[in-house]
Amino acid sequence: MSPSIVTRPTDNMSIEHENNIIGSVRLTEQGVSQLDRVSSAEKDFVPHADIDDGLESSTVPSEEAQIPRMSNARIVLLGVAMGSTYFLGTATSTATTIMIPRMASDLRVSELDAQWIVSAYTLAYGCGLLFAGRLADMYGRKLLFISGLSIFCIVSIISASIRSRIPLCVIRALAGLGLAIASPAVYGIAGSNVRHEPARTLILGALGSGGPVGACAGTMIGGAITRVSDVGWTYLFYIVAGISFVPLSIGIIVIPRDRRQLGERGILHIDWLGGLLITAATSIFLFSLTQSGITEKGWSTPYIPVLLVISILIGVVFLFWERHLERNCTLKPVIKPSLFTRHGYKSLAVVLSAFFACSSVYGWTYSTTIYYQNVKGMSALGNAIHVAPANLNGILAMAQVLLFAPRVRAPTMFIVGGFLTGVSNLLLAVNPEGSIYWGCEFFSALTLPYGIDYVVGVGSILISNLVDQDEQSVGGAVFQMFCQIGGALGVCLSSLVSTQRAKISGSLITGIRAASWLNTALSWMVIVVTIIALRHVRLAKDVTKMIE
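Letter by letter, the sequence shown follows residues 1 to 548 in full-length UniProt numbering.
Worth flagging that the hints you see were computed from the coordinates, not collected in a lab. Treat the numbers as computed from the prediction; the structure is a model and nothing was measured. Please note that the accuracy of each hint is not assured.
[Stated by the list, open to error] Derived pair list, reagent style EDC-like, types lysine to aspartate or glutamate, alpha-carbon separation capped at 16 Å: (1) Lys541 with Asp468; (2) Lys332 with Asp468; (3) Lys142 with Asp258; (4) Lys336 with Asp468; (5) Lys376 with Glu433; (6) Lys541 with Glu197; (7) Lys503 with Glu296.
Start from the sequences and build out the full structure, keeping to the hints where you can.
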């Protein structure tokens, strides 16, 4: 607008015209200001934030992107709390397994019956993961983390006072369920609150460090407690209850408050049918696998294969139901089936790699247990001592994950880990009868942990970066569930192959070798999956940038 028009009006018409122009300019300036605010809001908008899902949010969705950067000290404490959760799970399971003979003697039951004290815990843990992950993403990760650990702590204390097998199995199942509620929230807490590198890569990689450390500690604690007294096994539950105070206390103080709470209609927006289906499918599936290794007839027991088929059918129904919800309904599914197909099926490749790695490692554990206890006649403690190099080297392997993950390509880590665990099983398969421990057996234990530690450690980073922010806990739950099922299936297949081959050949060593060949193939399947689907990925933190 020319200055002469503003400063020198000549008549009423020109004055009116000038006022209209000035008004238009002011409106234009207001419009520009509004556009600037809209543009600023768009920058902060999180595409996958949930709005109309029956929730009351203490902050607007855009504030998800404005989470303040945590201090280094707070990140370290958070990593300790998160890693301690996995430490508890592995240490409890490992120590309890070693104490089975002592528990059977004290409770006056068979060792097969006492096995269910361990199995009840692992079954409840495995079947509760996915639904708990969905609830954590929807209604508060800190809430479920604190609630789950509180349940685990309380029922662990109760477990120490029970001297009857069936009530003890029920209480141990509640302990597993408590840890299943807390564990998926760990992924969501780490993935959503630590956004900057390299801290994000390190804390996600550190989540898996609790596994090998817990296995090593559980082996030593279980072996030591069994030698204290006939009732020494009860002390384990007091110990793990005390340890659980560490992540519980740190979590209450350090974890940022939940930004979302359950609203009045929120409970109606839970996919209860999907939760029921996946819980039933997982529990029946894991039960059939577990029972096949406990019953004397194994897979020849009529109801076991029937239950396995039923669980698979329920799983298929679950997938179709979730697919229907994702495509046609506003109700949020427990898991979106598209999670597996996004980014060129990379999420599916990551969880399958973890599945095969866990299958191979747990299969090796079963085979060495049979070898040392049934073939060489060692005690459970002697068995634990002979496989200790695997647990100790597992700690070093996880330290290498923290060192290499920000610097080495993810597929390289997968391939190296899968190859070394395959070599571990291969050494057991070709181990000459009557050879000394320092030949194949020692190096078999030494190379074992790289598959599970590299794949699970780097896989945790990959899966967190491949899923959306509102799926962090679900992504972690899926990853853990594949690991859990893979481990159970590895034990089952090793048991089935070794038993059948031993019956045919009349030699238990022949059966163990056959199972070891199978475990070698399972481990090297990690290499195959990685080459097919993950070969273009570079660093784990940059996985979504490499999508073609």
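* To do: Find the hints from earlier in the document that the structure breaks and name them by number, from lowest to highest.
  => none
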